[in-house]
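A.B. asks: Following the hints, complete the assembly by docking chain D onto the known chain W.
Just so you know, the protein sequences line up as chains W and D, in that order.
Position 89, counted from 1, in the first sequence is what numbering that gives the first Met the number 0 calls 88; the numbers after and before it change by one each time, with no gaps.
Position 149, counted from 1, in the second sequence is what numbering that gives the first Met the number 0 calls 148; the numbers after and before it change by one each time, with no gaps.
Don't read these hints as lab results, they were simulated from the structure.
In this text the structure is predicted, and so the values were computed from the model without any measurement.
Using N, Cα and C, we set each Cβ at its ideal position, and we do this for glycine too.
Some hints here could point you the wrong way.
Output of the computed footprint for chain D on chain W, the stretches with three or more beta carbons under 8 Å from beta carbons of chain D [as the list claims (entries may be wrong)]: (1) 42-53; (2) 88-95; (3) 229-240.
Quick list of in silico lysine to aspartate or glutamate cross-link-like pairs, DMTMM-like style, CA-CA up to 20 Å [stated by the list, open to error]: (4) Lys166/D x Glu154/D; (5) Lys322/D x Asp253/D; (6) Lys224/D x Glu118/W; (7) Lys77/D x Glu35/D; (8) Lys27/W x Glu233/W; (9) Lys258/D x Asp328/D; (10) Lys249/D x Glu221/D; (11) Lys209/D x Asp176/D; (12) Lys209/D x Glu352/D; (13) Lys152/D x Glu118/W; (14) Lys27/W x Asp340/D; (15) Lys291/D x Glu57/D; (16) Lys27/W x Asp341/D; (17) Lys199/D x Glu259/D; (18) Lys224/D x Glu233/W; (19) Lys359/D x Glu61/W; (20) Lys277/D x Asp253/D; (21) Lys249/D x Asp317/D.
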Amino acid sequence: MLLAPAYGWLTLAVFLPLGAMLFFSFLKAAPFGPRPLQFTIDNYLAFARRPYLVGVAWTSVEIGLWTTGLCAILGLPAALALARATRGRSQQVLFLLIVLPFWTNGLVRIFSWTMVLREGGVLDYALHLVAPSAPTFSLLYSFPAIIIGLVHAYLPYMILTCYLSAAAIDDAYIEAARSLGARAPIIFAKVVLPLCLPGLISGSILIFVPVIGSFMEPRILGGRIGVTMGTIIEDQFVQAFNWPLGAALSFTMLGAVLLVFALARGFPRRLLSA
Amino acid sequence: MTSHISRRTFQALVAGAAGAGLLPLSAMRRAHAATEITVLNWKGYGTDEAFALKAFAEATGITVKHDYFNAEAEMLTKLRTNPGAYDVVLINSARTQQAQADGLIDPIDFSAASNAKDLSPTFKTHPNILVDGKPYGMPWLWGMTSLAVRQGKAEAADSWAVFSDPKFAGRLALFDDAVTQVGIGALLTGQDPNNPADLKSVTGALKAMKPNVKLMWSSEDEWNKAFAAGAFDISDYWSGAAARSIKIHKLPFDFVVPKEGAIGWLDTLAVPSSSTKKAAALQFINYMIDPKFYTTWTTQSGAPASTNAAAMSALPPDDLNHKIYKPEDLAKLKFMSALPDDRRQAFNDVWDEVKAFYAK
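So that you can see chain W by itself, here it is in the shape it has in the complex (with noise of 0.2 Å):
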């Protein structure tokens, strides 16, 4: 009973929008105007119809990895900075400055990215201060632009979910591990980096399934090259009008996706118990 207003907002929050899509991705055309409604499964053949999705799904994968990878290799020190090596006041401060990303818009994020990687831009600049005879430099419209753009975007994720499992590690442990004659880098590969997997698991997977799907970063910051799922499904609602299509695509990603994430499940307690 008492869970009643939890499932309530669910419900209406989730599943209700989500319903209505996973409806619309089973219709010829989006139910607007006087048409009737017409039902069809071929928005699911979208894979087949379409062979070059293929390749596009794969760079979006590609994308998500090495997005998730990145966070995860900054993501995971500082963490364990802000958990195990600050204080007070200093530590507030630091988890601001990290959660301050989330909190301005995401176009204003990407376009002064644009600012800063373009050609005459801040980066380019820069490098002519000390090495005036470089050639022009400019990673704008590049596949490490998107890169970039989607791991300042996302790596608050990460730092979070890492926080909240390095702060939970008993110093007892370290100095257990220390008092056995352990060096720092085998005390973090053998006591910290295995207590902290559950944050990185969970940082990694609320990371991975929105950048597979990102639109806006691929699209501004990647120009030729950015051209991702995420896009390819903004394009059937904002160009195409074919609601269902998009529909369709995300839940073809989201099955896949589901379906990664089922057969990895047990993964990281086989990994600890090993």
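C.D. replies: Relative to the frame of chain W, chain D by itself:
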């Protein structure tokens, strides 16, 4: 003294009146009917210029109210669901046939609008607005998507073929829009941009641009920033945005209509068939194509091209619109017409396939 009536009393009054059906709202509205018309348009698109409403009210005694839409589909929905609410509506001529087929708009009698005599013949008899020989809407403004080339880089460009010219490797920006790009591909392959028979060759023409494509833009602001930073030299661009980029941002480029043609659009002002003040509506529409209104509007705030040849020639000789909208280019324009859903989808599939090819 309404403020002295308590809310409860007021509610009771309204409920009572509505319940008894005693409040003849429509009759009350009719009482001052001839003096107020409602226009349905995009916000900030000419009809709601303050100077115009003032001048029009002074000349005719008709006041003008506005309601706005944010998408063309929304405009049609508003017409359908609020019969009688609107007297003038802005309709992109690509939608005119659809609105006419649904019985939403009336034909317009050009002879009853004194300024219509100066309309360019191209627009007066444009196939988009004619149904059974009768025009359903007054041609009002037009513009196009054409070729922008950086000065000193591609001066002599007069063909869309520069988009795949190896001279411009990595120097091309494309508008990220399926209908526009398929249109350009169709122009390049000598087909009708509204209905290219051979989409395969369109796809091929677009794919051939790959080595040149540097980026794809989707907003005017994005275009301006990238052009100012030197990211590209040639691009397809909107005429109205080109005027602003040259005038406000002083960007150094020429706006050219290639020999294959450019993609034009035409906006009309129409009278909904459910309007109760059609004469006043036509008076307002006539004022909207008046050269005096147009020259003031475009010199003060900047506007697309007028369909009224007299209005265009009334512009000061150094006005930028003369450079962008040349009368001799009109014949080269291919105007966008209505797109059925399946064709729109086919265009979108082509463009997505091409973009995926660019990304590889």
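A.B. asks: Confirm or reject each hint.
C.D. replies: Okay, the hints, checked on the actual structure:
no.: 1; hint: 42-53; verdict: holds (count 3)
no.: 2; hint: 88-95; verdict: violated (count 0)
no.: 3; hint: 229-240; verdict: holds (count 7)
no.: 4; hint: Lys166/D x Glu154/D; verdict: holds, 13 Å
no.: 5; hint: Lys322/D x Asp253/D; verdict: holds, 9 Å
no.: 6; hint: Lys224/D x Glu118/W; verdict: holds, 12 Å
no.: 7; hint: Lys77/D x Glu35/D; verdict: holds, 19 Å
no.: 8; hint: Lys27/W x Glu233/W; verdict: holds, 18 Å
no.: 9; hint: Lys258/D x Asp328/D; verdict: holds, 9 Å
no.: 10; hint: Lys249/D x Glu221/D; verdict: holds, 15 Å
no.: 11; hint: Lys209/D x Asp176/D; verdict: holds, 16 Å
no.: 12; hint: Lys209/D x Glu352/D; verdict: holds, 12 Å
no.: 13; hint: Lys152/D x Glu118/W; verdict: holds, 18 Å
no.: 14; hint: Lys27/W x Asp340/D; verdict: holds, 11 Å
no.: 15; hint: Lys291/D x Glu57/D; verdict: holds, 15 Å
no.: 16; hint: Lys27/W x Asp341/D; verdict: holds, 10 Å
no.: 17; hint: Lys199/D x Glu259/D; verdict: holds, 19 Å
no.: 18; hint: Lys224/D x Glu233/W; verdict: violated, 23 Å
no.: 19; hint: Lys359/D x Glu61/W; verdict: holds, 13 Å
no.: 20; hint: Lys277/D x Asp253/D; verdict: violated, 43 Å
no.: 21; hint: Lys249/D x Asp317/D; verdict: holds, 16 Å
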